[in-house]
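2 protein chains.
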Amino acid sequence: MKNFPFSGGPEPALRLCVCVCVCVCVCVSVCADLLPASCGEEMTRGFLQELVDILLGFICKSNQRSSKVLDFHHPHQLKEGLEGFSLDLPDQPETLEQLLVDCRDTLKYGVSTGHPRFFNQLSSGLDVIGVAGEWLTSTANTNMFTYEVSPVFLLIEEVLLKKMRSIVGWADDEGDGLFCPGGTISNLYSILLARYHFYPEVKTRGMGALPRLAMFTSEHSHYSVKKSAAVLGIGTENVVVVKCDERGKIIPAALETSIATAKEKGLVPFYVNATAGTTVYGAFDPLNAIADICHSHTLWMHVDAAWGGGLLMSDRHRMKLQGIERACSVTWNPHKMMGVPLQCSAILVKKRGLLQECNKLGAQYLFQMDKPYDVSYDTGDKSIQCGRHVDVFKLWLMWKAKGSDGFGSQVNKCLENAEYLYDQLQKRTEFELVFKNKPEHSNVCFWYIPPSLRSLPPGSDRDRRLHQVAPRIKGRMMEKGSVLIGYQPLGTKVNFFRCVFSNPATQQEDIDFLLDEICKLGADL
Amino acid sequence: MKNFPFSGGPEPALRLCVCVCVCVCVCVSVCADLLPASCGEEMTRGFLQELVDILLGFICKSNQRSSKVLDFHHPHQLKEGLEGFSLDLPDQPETLEQLLVDCRDTLKYGVSTGHPRFFNQLSSGLDVIGVAGEWLTSTANTNMFTYEVSPVFLLIEEVLLKKMRSIVGWADDEGDGLFCPGGTISNLYSILLARYHFYPEVKTRGMGALPRLAMFTSEHSHYSVKKSAAVLGIGTENVVVVKCDERGKIIPAALETSIATAKEKGLVPFYVNATAGTTVYGAFDPLNAIADICHSHTLWMHVDAAWGGGLLMSDRHRMKLQGIERACSVTWNPHKMMGVPLQCSAILVKKRGLLQECNKLGAQYLFQMDKPYDVSYDTGDKSIQCGRHVDVFKLWLMWKAKGSDGFGSQVNKCLENAEYLYDQLQKRTEFELVFKNKPEHSNVCFWYIPPSLRSLPPGSDRDRRLHQVAPRIKGRMMEKGSVLIGYQPLGTKVNFFRCVFSNPATQQEDIDFLLDEICKLGADL
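Top line first, the protein sequences correspond to chains F and H.
Everything in the first sequence is counted per the numbering used here, starting at 1288 for the first residue and increasing by one.
Everything in the second sequence is counted per the numbering used here, starting at 1288 for the first residue and increasing by one.
In isolation and in its complexed conformation, chain F is listed as follows (with noise of 0.2 Å):
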C-alpha cells in the first residue's frame, strides 16, 4: 500500500479494488508505463480507475446543493499557478500523480454546469447517461466521414435525424440531415443550403455570380444567422432584422414590409430564419404566419429551433412550434432542452439530396465509389467538414434511457420550473417581471430592484442606476459560488437577469433559493 503512486479518492471500497490492480507498480510512474507498453494494461486500469474516482466525486458533488457552483478566481491568478496548479507546459513529462492532481485541479477551477443551482445558460445539467456516452465515444475515438471506420455511428445518426424528422412532422420519404458542431453552425447550413438551392452555380462560380440577396430574421433571433451571413459572403447588412412585439415574436406584417422594401431597393429576398425560442426571451415566432409569407414570395424557411425544438417531445408544449413542418429546415440542438452533453445539434433539411449535391466534392482517398458495401452510408460529403465528431452516440444512449416519453417529461418539468419562478416573480415585491405575460419557453426575464431604488420614479436616472445592478449582483454571484445565473440589456431595456430551465436537477427550491440569494446580494445596491 505505501507504494501505491496515485492520490486519494473518495471510496474507499473502490480504492481497494484500485490498490489490487496496480500494486505491481513502482512509486513514479509515467505515461510511458501505460497502454500500449508491453505489460502496460495493469497500470492502465490503475490510472484510468483513478481518474474515474475524481470524476465520480465531482458529479457527486456537482449535485449536493451545498457545494459551490463555482470557485472563481481571477484570470491573472489562475495563470500565476494557484496552490501549485501550474497551467505551463513542459518538456520532460509529469507523473501519472501530478497528473491526477491536474486533473483534481482542472474540475476544482471551474465551473459545476451541471449543478442544480446553474442558470447561466441554456445548455445546463450532467445527464448521467449523456456522460457514459460522452466517453464511449472517446474511447472508440472514430471519424463520421465513412460506414468503414463509423459504421454504428452513423446508423445511429440515420435513426436519429429520422426520428427527429417524423416528430418535426415530415413525411417517411422526405428529407435529411446531419448533426454539426453547434447550432451557429446548423443555422449556416440552413443559409448554405437555401442560396444552393435557388443558385446551384454559386458552388462553382461564387457569390460573384448572383444578384444581391436579401435575408431576414427577427430582431430577437441569434446572432448566428448575421455570423453565417458575414462567413458565406452574403454580407451582414443584406440581413434585414425585422420587428418584434413586445413578446420578442416577430411580427408578421413587418417582415411582409421587409420583404417588399428589400424588393424595391434591388435586393432578392431568398431566406426567412423563424426563431422557435429566442434565446433571452424563449418567444416563439408565429411559424404559419411566416410560412405563408414565405410561399407566397417562394422564400426558404428555416426554423432556428435550437432551444425551443425540445418542446416537440412534450405533448403539453409541442403546440407552440406549430407550422414547424413547413419549413425547409431546421435547427435543434438536443444539448440544450434534452439535456444532451456538448455539442449535439441537428440541422434538418426537407429537400432530400440537397445537402449533397451542394457540399459533395468526392474526396477520392475517402469516398471511393468501388468499395465492398452501400457506399451511400458514406454521408461525410455532405458536410462542411472532412472528420466529424461523433457527437450522436449520447443523444441515442440517452433514448433508450428516457424513450420519447421521459424527454417529454423532462421538457415538462423544466417548463414547470419556469411557471413557478413566474409566479413568485409576481408574488414578490422586490422584483420587476420584463414583459407581464406567463413564460412560454423555459426563459424568464426580470429585474431585481435594490431597495434605494423602489422608490424611484421611472426614467432616465432609474435606469441608469438600474443597468448596473444585475452586473454587481452577479460579480458577488461569482465570488461567492453559490449560484449562476445571466443577464444581459435588450433593445431599451436595460440589464435584467434572465433564468433559464434545462437541468431536470433544479428543483423549486432551488428558485427560492436564487430569488433569496439575489435579495441578500443586492440588498444594500
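Since the hints were derived computationally from the structure, they do not count as laboratory data.
This structure is a prediction, so every number in the text was calculated from the model and none was measured.
Incorrect hints may have been included.
Once the Cα atoms are required to be at most 25 Å apart in a straight line, the calculated DSS-like pairs of lysine-lysine come out as [as the list claims (entries may be wrong)]:
#1 F/K1449 <-> H/K1366
#2 F/K1658 <-> H/K1449
#3 H/K1366 <-> F/K1638
#4 F/K1366 <-> H/K1638
#5 F/K1658 <-> H/K1355
#6 F/K1658 <-> H/K1807
#7 F/K1366 <-> H/K1780
#8 H/K1536 <-> F/K1658
#9 H/K1530 <-> F/K1647
Take the given structure of chain F and dock chain H to it, following the hints.
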C-alpha cells in the same frame, strides 16, 4: 449478489467493489434511479463503474494483436438487429442493464482505430492520457465561449496556442488562434481571414462588393480548400489548382504562372495554400519558395500543416517545414500525427486581432462588457461558432504527460516505421512503390502486384486490372478484420494502397504482418 442488475465485466476484483456500492438496488433499474434522483449516488457510481469496465476491456483489447481490427457487417445487417442489437428509439425507458449491453454491442460492431494494425486514417491510436482528458472534458460539460463558464479551459487554450505559435517560429508578441472542429474548418478560417484582411468590407457588404478573387492550391492539397471556397461564396472555379512534381510538391514556377494567368483573366489573387504533409503522398510543399512568391505578389500565405504539423515537435524532422514561420496562418491538427483523440485542430494566425475583428458581433447576452473580470478572456466572439466544444484539455494533459520531447520521440517512431515499410517494399518483388523516393512523412504508397499481373507489360490492360486489386483486397481485409489500410487512385495512377503511421502502438511486426496479409489475400487475384 443475485440481485445485481448489471451484466458481467472482465474484472472480478472490480466487480466485487461495485457490488459493494450498488447492492442496495433492485433487480431492474432505469436511468431515473441515477443522479439527480435523491439517493441516486450509489446507483450512479455503480452504473458508471460498469461502463468503465466495458471501456477498459475495449482499450485493452484494442491493444491486443490477436483481436480483430473490426467485425464488419453490412448496413442492412446492423439495421436488422444483429443478435438483438437494436438501433430503434423507444418511447419507454430501457433498463440500465440493457444500456450496458448496447454499449458493449456498439463497441463490438465498431472499428478499433487504436489497434496497432489500423492504418486506414491519418488519425489512429488510442492514447490513454488523451482518453482520460476526454472523459474529464465530457464530465465538465462546458462551452468555450466565455471565461465565466470555462475559466480553466480558456486559459489552457491560450497556453497551447502560444506554445504552438512559438514552435511554428513566430515572435512572442505575434499571433492569435483558435481550436476548431477539424482541419477543414481551420482551413476555412484561413481563407475567411485572408479575405477580411484584404477586404474588410466583405463582412458587412458581402462578396458582391469585391472583385472576382482567385486562390491557389496544389493538385495534391486537401479538398477542404475547394470546399471552403464553395462555402465562403468564392466559388470552386476560382480556386486555381497548381501542378505538382512527381513527389506531390507544388512547383513554384507553376504557381507563378498560375498567378499571372489569373491576373490576365481579370481575377484578383489573394491567397495561396501551401501543404505541409499532403493527404496521400505526405509531401511537403517548398514553403520558402512559396513565401517568396506570396511576398512579391502581396498574397496571404496559409500553410495547411494539419497532417505535417506534428513534425515540428521533432528535432530530426522539423526542417521539412522550413519557411512555415513566414506563413500568415497555419492549420495544425494534433489529432493526427500527435495522436490526440478526435477532434483537436488549431488555426494559428500571425496578425493579432484579426480573428476578433473578422468574426466579432458582440452579442450582449454573452459578451457583456460590464463583467467583473478581464473580458478579453471571453474569446468566443473570435469564433464562427457560438458554443464550441472543449478540444484543448486532452492535448494539454498529453503534453504534461509526454512533454514536448515525448511528442518528438513519438513522431520519430512513426517516421521510422514508414522507413521500415519503405525498405521492405523495395526488397519484396510482390510490391511496387508509387514513387521511388524515401518518404518524407509517414505516408508510404504502393501497389501489390498479384501473381497474374506480374508478367504483364505496362499499359492500359495491366492498369485496368491493377485498378481492381486494392479494392478487392480491402474488401477481403474488412471481412476478415485482421488489418485495415486505405487505397485510392490519384491523377493517372490507378488504385494503390496508402499506408500511414500515427499510432505509437504499431511495431515492425505489424508492418510485416500487413505485407504478408496483403499477399495472402491477393494471391489468387
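Hints, verified against the model:
1. Between F/K1449 and H/K1366, the direct Cα distance comes to roughly 14 Å. Compliance with the 25 Å bound is thereby established for this hinted pair.
2. Of the pairs offered as hints, the one joining F/K1658 and H/K1449 is violated, with about 43 Å between alpha carbons and a cut-off of 25 Å exceeded.
3. The straight-line distance between the Cα atoms of H/K1366 and F/K1638 is roughly 24 Å, inside the 25 Å bound, and the hint therefore holds.
4. Distance hint between F/K1366 and H/K1638 is fulfilled; the C-alpha atoms sit about 24 Å from each other, no more than 25 Å.
5. Using a Cα cut-off of 25 Å, the hinted pair F/K1658 and H/K1355 holds, with the two alpha carbons roughly 20 Å apart.
6. The straight-line distance between the Cα atoms of F/K1658 and H/K1807 is roughly 20 Å, inside the 25 Å bound, and the hint therefore holds.
7. Distance restraint check for F/K1366 and H/K1780: the Cα-Cα separation of roughly 53 Å exceeds the 25 Å cut-off, and the hinted pair is therefore not satisfied.
8. Taking the CA atoms of H/K1536 and F/K1658, the gap is near 29 Å; set against the 25 Å cutoff, the hint is violated.
9. Of the supplied pair hints, the one linking H/K1530 and F/K1647 holds, its CA atoms being roughly 23 Å apart against a limit of 25 Å.
Consistency note: the structure conflicts with the earlier hints numbered 2, 7, 8.
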